Amino acid sequence: MRKFIYLALLLLYTGIGSASGNSPAGIAEAKADTLPVPKGVKELLFYVQRDPNANTVVYELNRSAQGALNETEPIHPFWIRYADGGERRELNYVQRKFAYGVNTKKLGKDNYELKFVSYGKLALYLRKDTEGRYNVYTTINKKEAILDRVFVRIEGGTFWVPNVLYVELSGYDAATGKAVTGRFKP
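Residue numbers for the sequence shown follow this note's numbering, beginning at 204 and rising by one.
Keep in mind that the hints were calculated from the coordinates and are not lab data. Do not rely on the hints blindly, as some may be mistaken.
Stated by the list, open to error - Below, in silico cross-link-like pairs of lysine-lysine (DSBU-like), each with a Cα-Cα straight-line distance of 35 Å or less:
1. Lys331 - Lys245
2. Lys300 - Lys345
3. Lys308 - Lys388
4. Lys388 - Lys331
5. Lys324 - Lys388
6. Lys318 - Lys308
7. Lys309 - Lys242
8. Lys309 - Lys324
9. Lys345 - Lys309
10. Lys324 - Lys300
11. Lys346 - Lys245
12. Lys324 - Lys308
13. Lys308 - Lys346
14. Lys346 - Lys381
15. Lys345 - Lys381
16. Lys381 - Lys242
17. Lys345 - Lys388
18. Lys318 - Lys381
19. Lys308 - Lys245
20. Lys324 - Lys245
21. Lys312 - Lys345
22. Lys331 - Lys242
Keep in mind it's a predicted model, so treat the numbers as computed, not measured.
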């Protein structure tokens, strides 16, 4: 729980904009269903959004120059800073190590366990599907799903202890392909 508080804290206070003026068009609070969807990311796996603005952390597949999966770091997270005109920016050290980074553990060929450095209770799995594409899988509503988006709803609180109302996971049922959404309170 403490690390998740750090995640929420860093989401609000690491130079990514705030409700007091850096949000696009003066929007005071990001509405989950109106935030931009990242486009132009070659191998987008999923993305994370939160209050109070539209800046987004994108998680893409990390390949070598020859096209092979980087087995040491199979995921490459980075910012799309919509509040700054859609600029792409690498995560800084603190963001990688305490908030948005992922710890990876190889489980087998083309199969990895992923956990956010800030919240190790949410298990994610990177693996290939039957068509040879990599996806990130997790459990949403007690069913295996391909993760598409994470949204963190924050309302009030303080600098040190933001009030995380819920975390919403969105994706597609791995068996049926139907859209699924589920929420939990960390």
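Evaluated hints:
no., hint, result
1, Lys331 - Lys245, "holds, 16 Å"
2, Lys300 - Lys345, "holds, 29 Å"
3, Lys308 - Lys388, "holds, 25 Å"
4, Lys388 - Lys331, "holds, 29 Å"
5, Lys324 - Lys388, "holds, 12 Å"
6, Lys318 - Lys308, "holds, 9 Å"
7, Lys309 - Lys242, "holds, 29 Å"
8, Lys309 - Lys324, "holds, 18 Å"
9, Lys345 - Lys309, "holds, 24 Å"
10, Lys324 - Lys300, "holds, 16 Å"
11, Lys346 - Lys245, "holds, 27 Å"
12, Lys324 - Lys308, "holds, 15 Å"
13, Lys308 - Lys346, "holds, 22 Å"
14, Lys346 - Lys381, "holds, 11 Å"
15, Lys345 - Lys381, "holds, 14 Å"
16, Lys381 - Lys242, "holds, 21 Å"
17, Lys345 - Lys388, "holds, 16 Å"
18, Lys318 - Lys381, "holds, 25 Å"
19, Lys308 - Lys245, "holds, 24 Å"
20, Lys324 - Lys245, "holds, 28 Å"
21, Lys312 - Lys345, "holds, 26 Å"
22, Lys331 - Lys242, "holds, 22 Å"
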